[in-house]
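Starting from the known structure of chain A, arrange chain B on it as the hints suggest.
Residue numbers (my numbering), protein chains in the order written: chain A, 1 to 466; chain B, 1 to 305.
The set of hints was computed from the structure by calculation and includes no laboratory data.
Wrong hints could be hidden among the right ones.
[Claimed, not checked] The calculated lysine-lysine pairs, modelled on BS3-like cross-linking and capped at a C-alpha distance of 25 Å, are: (1) 76/A x 228/B; (2) 357/A x 197/A; (3) 228/B x 92/A; (4) 228/B x 176/B; (5) 92/A x 59/A; (6) 228/B x 174/B.
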Amino acid sequence: MSDQQHTAQLSPIHAFLTTRPQTALSRLYTRPSACLAVFRLLDDVARQIVMSLLWLDSKTGVDLTAWVVPNEDSRKHYAAALQDLVRLHIAKEANGRILLLPAFQSGLRRALTGGGEHRSFGVPCPGARGKEVMATEQLDDYASERWESILHFMVSSGSSAGRVPPPSIAVIFLLRRSGLMVPIGAERHPESRITSKGFQFLLEDSHTQLWELLLQYLAMSEDQGRDLVEVIGFLFMLGSMQLGQEYSTENLSETQDVMLQDFLDYGLIYRRNPDDHTRFYPTRLATTLTSTSSLAFTSSKHEKAASSEGFIILETNYRVYAYTENPLQIAVLNLFVALHSRFENLVIGRLTRESIKAALANGITADQIISYLTVHAHPMMHKNNPVLPVTVQDQIRLWQLEKNRLKSENGYLYEDFNSQGDFDLVLNYAKQLDVVLWENREKRKMFVREDGHENVREFIRRRAES
Amino acid sequence: MSSPSHLSLILDLTPVPWDALSHSTPPLRLKDFLAQALVFINAHLALRNENSVSVFGALPGRSMILYPPAGSTQVEADENTFHVFGQVDEGFMRSVEQEVEDLQEVEEDVPPALVGALTKSLCYINRLSNPPPPSNPSEAPPPPPHSRILLFSVSPDASVAYIPFMNCIFSAQKLKVAIDVCKLDESEVIFLHQACHLTGGAFVPITQREALLQYLSMCFLSETETRKTLAVPTLDKVDFRAACFCHKEIVDIGYVCSVCLSIFCQPVLECSTCRTKFSPDTLLRFGNMNLNGHAHTHSNGTVTA
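So here's chain A without its partners, still in its complex pose (with noise of 0.2 Å):
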């Protein structure tokens, strides 16, 4: 894991923040929540660097060299750690002393020893306080309802077949901007059809799907010109929030009230009373923002239907078993799974040269159909070592290949040389350049790489003066 870790890919929101300039992230961890958030993103090390540094008050930073293990996988774990630390305006690094910059020192501070009058872990709402706690599973079967209905939104607009009541104006704006679906006809109607970036968007867990939208919406929100800061302490605030506490919206800005009625259409927040603007209650899909671990639904709705995970089998033979009943689930794999059976609790299907194709077609890569067969693979199938059995996964891409049999190249094609002796000269120095794709002798024909071209008209342009 450790020698991995540093050239991992970064996750979305983190990759965003870096890119933020100082002066926004010193203002965003002015908020204890945030600076907790962002504490959290770091990698393992990159945290311990942070603790380490982080109740001490010199003015001159610290070596802390001196604790780096002696080899040289650790030397570069720990400098990754430490730039990326630099470009979050975490730390900052001089002549190898690290110095914690206030800003962050002071917010991380504050939210491990509690109090303060700064009100960012959201303000729970008075009245819900002890009594009338809303029970997990009724949140957690809004938040799926809510954020399965968008993707079944996308997955049906696909087909012809049974079409899902589309997800408000604001939802479909933002999946038409992020570039996961498209219009079709006029821009405000609601009509819409899922592009292949869509499909592959299907295919991820709802953790990444999640954050990915999110992300576009902070992009949104900085072209409406809000801030920036309010919109990501927000996110962060939700993603510290209690699971069933109901919070109260008297501390919110301007911005963030929108928000909370954007978010109201992801399934990120249930309000009990619709009407009742003043308060709200986070679900699952919020307060597990900041968590690494992808979500993990107590729903009590699918629970027969093996709620999250788990539940197809793939045999040799290319049938697919998914034991679902989840309407989603089944359309996901409708799309690369000829389905033919349908029971209480089982669809049978099987993966055809015909249902990759069309799948293949839809922009979905072989890889990816099969990380989604393995990462849904019944407990069953996981005795098997690899779990998806080898034929399959070499049949599916190889399906993949027999779609990419033409590989074209860009070139320049030589011909009418006046003698054999002029081709074969001309075709001996392209030779040397290595930029030859195609030659015939006999028809003295050849045809050069369009990145050779211009050295070798200028070598038979030579070759024509002297």
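What follows is chain B alone, placed relative to chain A:
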């Protein structure tokens, strides 16, 4: 991402050494110590959403679990504190106060039940690493957390508890649990040295008590995985002396039963553990022997091991 980690704290709450500590220079009062320990716990919980913590206390003659509390506590949400921190802080402080209140007569001679606390902590960790199979077989159980123990020591070793203590260390080794020791006073603790050495934990004597929190977050916060990159202080010299089974005293040279490996401070005719009888001729070779194997005057060997 790496798997979640569980931190089990063991606090030695024996009143006498704490009283001594609060009058030493610089003073470290129990109240201040608990406040710093709380911030340290918060820091551990801040590392990852899935991280968990348990706290055990040792008092003279008994040990108890301080966190998580047996019943669920309803904590009032506070807009200025992260709700996870709030719950832990409230539950932990409440049970410490309860225990300190219940403490009435202090029996001077009884050593703190560190072994009891350590055993409870290991049992708790064992339960976490072997969760019961989920009721729904199609759901994959969550990965068991990496666990480690941090022991705050304020009193010297109790050599009486040598055997159960070593058994705890071996159980910890088997569970792959590192035992870190934070030594708050200057007393001699060779068994704790051995515990750290054998389980791969850090041993840090606190020399500047006013900087306790800095020690805690620098040396004891990093997880097993992180320690491969950023090292933590370990001991250069470990005292491997053992305590004899007959008088529970630390010996430099011991006599070991050839059958069950029990240690005695002097030659005995019969092993008290496995009842093996040794031939008097063999014993004669050790010379200077007192065949009454339970005399209390044993000569501490002058040769160091």
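Evaluation of the provided hints:
no., hint, in the structure
1, 76/A x 228/B, "12 Å, holds"
2, 357/A x 197/A, "17 Å, holds"
3, 228/B x 92/A, "24 Å, holds"
4, 228/B x 176/B, "15 Å, holds"
5, 92/A x 59/A, "12 Å, holds"
6, 228/B x 174/B, "20 Å, holds"
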